[in-house]
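Q: Listed here are the chains, written in short residue letters.
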Amino acid sequence: MKKSRIIAILAMISTLCVFLTACGSKKASTSDQGTTKTPVKISFWTGLAGPYEKNLNKVITDFNNSQKKYKVVATSQETYDKLNQKVMAAAKSNSLPVLGMASYTSLPDYKNNGFIENLNAMYKGMSASQKKDIYSAFLSGSKIGNSYYSIPFSKSTRVMYVNEDILKKYNLEIPKTWEQMRKDGEVLKEHGIYAYGFDQSFQMEWEGLLHAAGVTPITSAGKVKLSSSKAITAANFVLDMIKDGTAKSAGSDIYWTNSFVNGKSAFYIGSSAGMTAIKQVAPSSLNWTTAVVPSYEGKSGTEVAGNDIVLFKGASQEQKQGAYAFMKYLLTSKATTKWAMLTGYVPLTKSAVKSKEYQAFLKSNKRAKAAVESLPDSFSTKSFVGYNEYYTDELNAFDSMLTKQTPAKDALTNLAKQAKKIISDNKNN
Amino acid sequence: MIKQKPSAKTTLIAFLYLSPMLIIIGTFYLYPIVMSFAMSFYTKYNFYTNKVSEVGLSNFVTIWTDPDFIEALKNTIIFVVGVVPLSVIIALVIAILLNKINFAAGFFKTVYFLPFVTSTVAISLIWQWIYNSQYGLLDAFLGIFGIKPIDWLNDPHWAMTALIIMTIWQGLGFNIILFLAGLSNIDKRYEQVAQIDGANTWQRFRYITIPLLSPMTFLVSVTSIISGFKVFDQIFVLFGGNPGPGKSTLTLVFYLYEKFYTEWKYGIAAAAGVVLFTLTLIITVIQVWYSKRHVHYV
Numbered sequence: 011m012k013k014s015r016i017i018a019i020l021a022m023i024s025t026l027c028v029f030l031t032a033c034g035s036k037k038a039s040t041s042d043q044g045t046t047k048t049p050v051k052i053s054f055w056t057g058l059a060g061p062y063e064k065n066l067n068k069v070i071t072d073f074n075n076s077q078k079k080y081k082v083v084a085t086s087q088e089t090y091d092k093l094n095q096k097v098m099a100a101a102k103s104n105s106l107p108v109l110g111m112a113s114y115t116s117l118p119d120y121k122n123n124g125f126i127e128n129l130n131a132m133y134k135g136m137s138a139s140q141k142k143d144i145y146s147a148f149l150s151g152s153k154i155g156n157s158y159y160s161i162p163f164s165k166s167t168r169v170m171y172v173n174e175d176i177l178k179k180y181n182l183e184i185p186k187t188w189e190q191m192r193k194d195g196e197v198l199k200e201h202g203i204y205a206y207g208f209d210q211s212f213q214m215e216w217e218g219l220l221h222a223a224g225v226t227p228i229t230s231a232g233k234v235k236l237s238s239s240k241a242i243t244a245a246n247f248v249l250d251m252i253k254d255g256t257a258k259s260a261g262s263d264i265y266w267t268n269s270f271v272n273g274k275s276a277f278y279i280g281s282s283a284g285m286t287a288i289k290q291v292a293p294s295s296l297n298w299t300t301a302v303v304p305s306y307e308g309k310s311g312t313e314v315a316g317n318d319i320v321l322f323k324g325a326s327q328e329q330k331q332g333a334y335a336f337m338k339y340l341l342t343s344k345a346t347t348k349w350a351m352l353t354g355y356v357p358l359t360k361s362a363v364k365s366k367e368y369q370a371f372l373k374s375n376k377r378a379k380a381a382v383e384s385l386p387d388s389f390s391t392k393s394f395v396g397y398n399e400y401y402t403d404e405l406n407a408f409d410s411m412l413t414k415q416t417p418a419k420d421a422l423t424n425l426a427k428q429a430k431k432i433i434s435d436n437k438n439n
Numbered sequence: 002m003i004k005q006k007p008s009a010k011t012t013l014i015a016f017l018y019l020s021p022m023l024i025i026i027g028t029f030y031l032y033p034i035v036m037s038f039a040m041s042f043y044t045k046y047n048f049y050t051n052k053v054s055e056v057g058l059s060n061f062v063t064i065w066t067d068p069d070f071i072e073a074l075k076n077t078i079i080f081v082v083g084v085v086p087l088s089v090i091i092a093l094v095i096a097i098l099l100n101k102i103n104f105a106a107g108f109f110k111t112v113y114f115l116p117f118v119t120s121t122v123a124i125s126l127i128w129q130w131i132y133n134s135q136y137g138l139l140d141a142f143l144g145i146f147g148i149k150p151i152d153w154l155n156d157p158h159w160a161m162t163a164l165i166i167m168t169i170w171q172g173l174g175f176n177i178i179l180f181l182a183g184l185s186n187i188d189k190r191y192e193q194v195a196q197i198d199g200a201n202t203w204q205r206f207r208y209i210t211i212p213l214l215s216p217m218t219f220l221v222s223v224t225s226i227i228s229g230f231k232v233f234d235q236i237f238v239l240f241g242g243n244p245g246p247g248k249s250t251l252t253l254v255f256y257l258y259e260k261f262y263t264e265w266k267y268g269i270a271a272a273a274g275v276v277l278f279t280l281t282l283i284i285t286v287i288q289v290w291y292s293k294r295h296v297h298y299v
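Listed in order, the protein sequences are those of chains A and B.
Quick note on numbering: my numbering labels position 304 of the first sequence as 314, and the sequence is numbered without any gaps.
Quick note on numbering: my numbering labels position 176 of the second sequence as 177, and the sequence is numbered without any gaps.
Bear in mind the hints are in silico, worked out from the structure with no lab data behind them.
Among the hints, erroneous ones may be present.
Unchecked claim - Here are the simulated DSS-like cross-link-like pairs (lysine-lysine), alpha carbons at most 27 Å apart as the crow flies:
(1) B:LYS52 with A:LYS92
(2) A:LYS92 with B:LYS266
(3) B:LYS45 with A:LYS431
(4) A:LYS121 with B:LYS52
(5) A:LYS414 with B:LYS45
(6) B:LYS101 with A:LYS235
(7) A:LYS437 with B:LYS266
(8) A:LYS431 with B:LYS231
(9) B:LYS52 with A:LYS414
(10) A:LYS431 with B:LYS52
(11) B:LYS45 with A:LYS102
(12) A:LYS96 with B:LYS149
(13) A:LYS64 with A:LYS81
(14) B:LYS231 with A:LYS102
(15) A:LYS366 with A:LYS179
(16) B:LYS266 with A:LYS430
(17) A:LYS235 with A:LYS430
(18) A:LYS392 with B:LYS266
What the hints assert, rightly or not - With the C-beta cut set under 8 Å, the calculated list includes, among others, these residues of chain B facing chain A:
(19) THR12
(20) ASN155
(21) TYR258
(22) TYR262
Unchecked claim - Not close to chain A: a few residues of chain B, all C-beta gaps over 10 Å, as computed:
(23) PHE38
(24) PRO86
(25) ILE148
(26) LEU239
(27) LEU280
(28) HIS295
Virtual Cβ for every residue (Gly too), placed ideally from N, Cα, C.
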């Protein structure tokens with residue numbers, strides 16, 4: 011009896027020790043630095059999964075094979091939501107990786123919280139022509155003030171998907187302007203077809219309309235023009251189409267993809283990255299193509315979306331050098347062309363678009379053309395500290411217009427108030 | 002061993018036996034709870050460096066003056082009131098029916114229990130299709146009776162109802178199993194005696210089954226209310242990461258999630274957590290107090 015009790019106690023103590031050691035053990039060093047033979051490990055967290063993850067690994071393998079000093083190891087966090095949560099937890103526990111993907115709109119918040127390093131040293135190492143080669147919309151998203159904090163990576167623009175069968179049947183042409191699309195809607199509505207289908211919200215298209223109309227909703231100086239008359243008019247343009255029965259939101263479906271392939275609308279404006287999903291679900295009998303988003307008030311503008319790559323704080327000097335080398339590699343014409351061809355994201359540089367390889371790709375993939383043609387008129391939205399909070403409010407404002415029929419003027423005036431408060435609160439902090 | 006008087010030595014041994022669990026509870030439950038309470042009072046605070054520059058009550062003032070929080074509180078209460086009584090009643094009825102039949106009872110028990118062991122994400126995705134206003138099964142079914150299609154997931158007036166229906170369906174199996182366990186514990190002789198005394202089915206149900214099942218009813222309602230207050234996953238998936246059309250299914254935990262993960266307002270999120278904790282505690286205390294008067298343990 012006594013013996014068994016002693017054994018039990020010893021067993022408990024040893025279990026406890028194992029448990030405590032496991033809890034208290036220091037995290038394994040993330041780098042195998044210091045030795046000359048083993049390459050420096052550059053950890054890289056992504057939000058990409060499935061085929062995207064596979065294709066990213068192909069590009070990473072190319073980099074790893076191109077030199078012997080560094081080894082980039084990507085870890086997929088499956089989704090961007092999970093990635094953001096993981097970054098938050100890692101920042102709190104001082105265990106951030108070397109590199110990570112991040113939306114360019116979160117850069118000011120990341121910087122403000124001391125998560126990321128500026129990349130001026132890396133950009134300084136690039137020639138003026140190399141920098142000029144990168145599309146300005148992408149580069150402007152990587153900047154806060156005069157400093158660079160990211161490199162553009164998985165980028166998409168807005169494009170218009172077109173159901174060619176519907177156009178043929180009703181003798182219509184691809185609209186060049188929003189006005190034209192609205193007129194097409196009048197014809198189509200009698201046959202139970204919408205002209206314009208959009209994802210859950212039309213907030214990105216609204217920002218595109220504002221850009222075309224020459225309005226910056228929130229300037230870099232923090233001036234808020236969200237409720238200006240032009241902003242209200244642009245929102246009302248789409249809301250009127252919805253009221254008319256010529257436009258429709260995907261609502262809880264989130265994406266209009268399924269409705270588009272089922273012929274519910276002739277046109278669908280969405281992300282160029284959504285093409286993969288459309289290809290997967292579109293029946294082979296459906297004839298569809300893509301076009302540049304129609305112009306508004308004589309001008310075009312499509313908002314850039316997608317993710318950048320940031321360098322987190324805490325990396326060693328060697329890891330930083332490795333991170334710079336990898337980022338520069340991704341910006342080379344060869345790497346960005348390969349990445350764009352594999353995934354459907356747009357190439358980051360003008361030279362990549364002009365490259366023989368990519369031009370040949372466009373010839374055999376005509377639907378990829380619209381995204382590239384949109385690049386000269388694309389723009390990055392101006393982000394600021396507290397942008398994520400503002401973005402939630404912005405989506406709520408549009409949701410309220412769509413589901414509660416809140417007039418655009420009221421919703422946008424309220425949004426402007428919220429934006430002003432967020433900007434001033436963060437200035438005071 | 003049980004009759005042994007407690008001494009320093011026996012206490013130490015007991016503590017050692019308990020220590021693994023105590024460490025786990027301490028690390029993953031108590032410490033976060035204490036930290037969240039503390040964080041709810043941090044008004045100027047760097048979450049990442051743990052530097053607190055100002056302490057006060059302003060987080061609580063902020064949430065109580067935030068229309069979204071009030072909306073979340075209201076929606077949570079509507080949700081709990083909508084789900085708990087209905088799910089208890091339906092589960093009780095089904096459990097009694099299952100208890101009466103011998104044929105295929107095991108099969109039905111499995112069928113009812115399946116949703117409970119299926120992941121919430123999978124369930125929500127399936128219900129997304131069921132509720133779809135264009136291709137959904139539910140609207141097609143209602144159409145047979147001449148009911149016009151309802152846009153369950155996009156109409157702010159119906160979104161909460163959609164959520165309640167799905168949650169009741171999902172939790173039914175677990176409640177049925179609990180009630181079946183409760184029913185099998187009721188001594189058959191009570192019913193037989195009542196039958197001899199001439200009690201009809203309703204009287205036997207009302208004066209024997211219900212009182213003797215009350216401990217289980219109490220357990221089911223307490224767990225349902227607590228899980229009702231914590232509702233989040235179903236909403237997140239059903240409405241694609243949004244709090245429903247026009248925030249119609251914004252609940253307390255969703256509010257907390259948005260403040261913490263999207264808006265990075267840690268103090269406010271913690272304050273919302275404290276309110277949720279207090280609310281659940283108050284309701285549980287009331288239930289325990291009520292159970293002492295009305296729950297009959299045999």
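Q: Of the hints given before, which are not true for this structure?
A: 5, 6, 8, 9, 12, 15, 19, 21 and 26
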